[in-house]
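Work out the full structure: start from the sequences and follow the hints.
Note that this note's numbering numbers the sequence shown so that position 66 is 66, with each residue one more than the last.
The set of hints was computed from the structure by calculation and includes no laboratory data.
Where a beta carbon is used, it is the ideal one built from N, C-alpha and C, also for glycine.
Misleading hints may appear alongside valid ones.
Pair by pair, the computed Cβ-Cβ distance ranges are [as the list claims (entries may be wrong)]:
#1 L105 to P36: 17 to 27 Å
#2 F32 to F98: 20 to 30 Å
#3 F98 to I33: 41 to 51 Å
#4 V23 to F63: 36 to 46 Å
#5 P35 to T7: 35 to 45 Å
#6 T7 to S108: 15 to 25 Å
#7 S112 to A61: 13 to 23 Å
#8 S112 to R84: 16 to 26 Å
#9 T93 to L17: 34 to 44 Å
#10 G57 to L111: 21 to 31 Å
#11 S9 to P36: 36 to 46 Å
#12 A61 to F32: 23 to 33 Å
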Amino acid sequence: MPSLLSTESRKLLGYALLVFLIVILGAFVGSFIGPPSIKKSCLGVVLAGISLLMLAGCIRAIFTGVYKYGKLGVWGDEIKKENRPFGFWFVITFSCIFSIIMLMLGISMLLS
Numbered sequence: 001m002p003s004l005l006s007t008e009s010r011k012l013l014g015y016a017l018l019v020f021l022i023v024i025l026g027a028f029v030g031s032f033i034g035p036p037s038i039k040k041s042c043l044g045v046v047l048a049g050i051s052l053l054m055l056a057g058c059i060r061a062i063f064t065g066v067y068k069y070g071k072l073g074v075w076g077d078e079i080k081k082e083n084r085p086f087g088f089w090f091v092i093t094f095s096c097i098f099s100i101i102m103l104m105l106g107i108s109m110l111l112s
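Here it is in structure tokens:
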């Protein structure tokens, strides 16, 4: 299935993801070695950032045409979107619920 994004768009999206990961890493480090006044905000940024990445992964897994599974780095059989097993939907549902809870917790930490 060809990608809907052009090469330039994919490259920019990759750079944006890299910046997002650097911000999450900086907030993670700041939550341990930062001053006490910003530790809670740093933890909120980490939780919100990780949960947004998890939600993006769940959405991508649902809407891509093929679900691939197998060992890490070794792709096994391909299952078409119409033939996905129950376990796939269970994992996606659990991941979405968990990431939404993390997002709400991170936002509440940022607002308090």
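Verification of the supplied hints:
1. A C-beta distance of roughly 20 Å is found between L105 and P36, which places it inside the suggested range of 17 to 27 Å.
2. Between F32 and F98 the Cβ separation comes to about 23 Å, which falls inside the hinted range of 20 to 30 Å.
3. At about 27 Å, the CB distance of F98 to I33 disagrees with the hint of 41 to 51 Å.
4. Between V23 and F63 the C-beta distance comes to about 26 Å, which lies outside the given range of 36 to 46 Å.
5. Taken as a hint, the range 35 to 45 Å holds for the pair P35 and T7, whose Cβ atoms sit roughly 43 Å apart.
6. Take T7 and S108: their Cβ atoms lie about 40 Å apart, and the range 15 to 25 Å is violated.
7. For S112 and A61, the hinted distance range of 13 to 23 Å is not satisfied, since their beta carbons lie about 32 Å from each other.
8. The hinted window of 16 to 26 Å between S112 and R84 is violated, with their beta carbons roughly 40 Å apart.
9. The hint said 34 to 44 Å for the Cβ distance between T93 and L17, and at roughly 24 Å that hint is violated.
10. Evaluation of the 21 to 31 Å hint for G57 and L111 yields a pass: the beta carbon distance comes to about 25 Å.
11. The hinted window of 36 to 46 Å between S9 and P36 holds, with their beta carbons roughly 42 Å apart.
12. A C-beta distance of roughly 31 Å is found between A61 and F32, which places it inside the suggested range of 23 to 33 Å.
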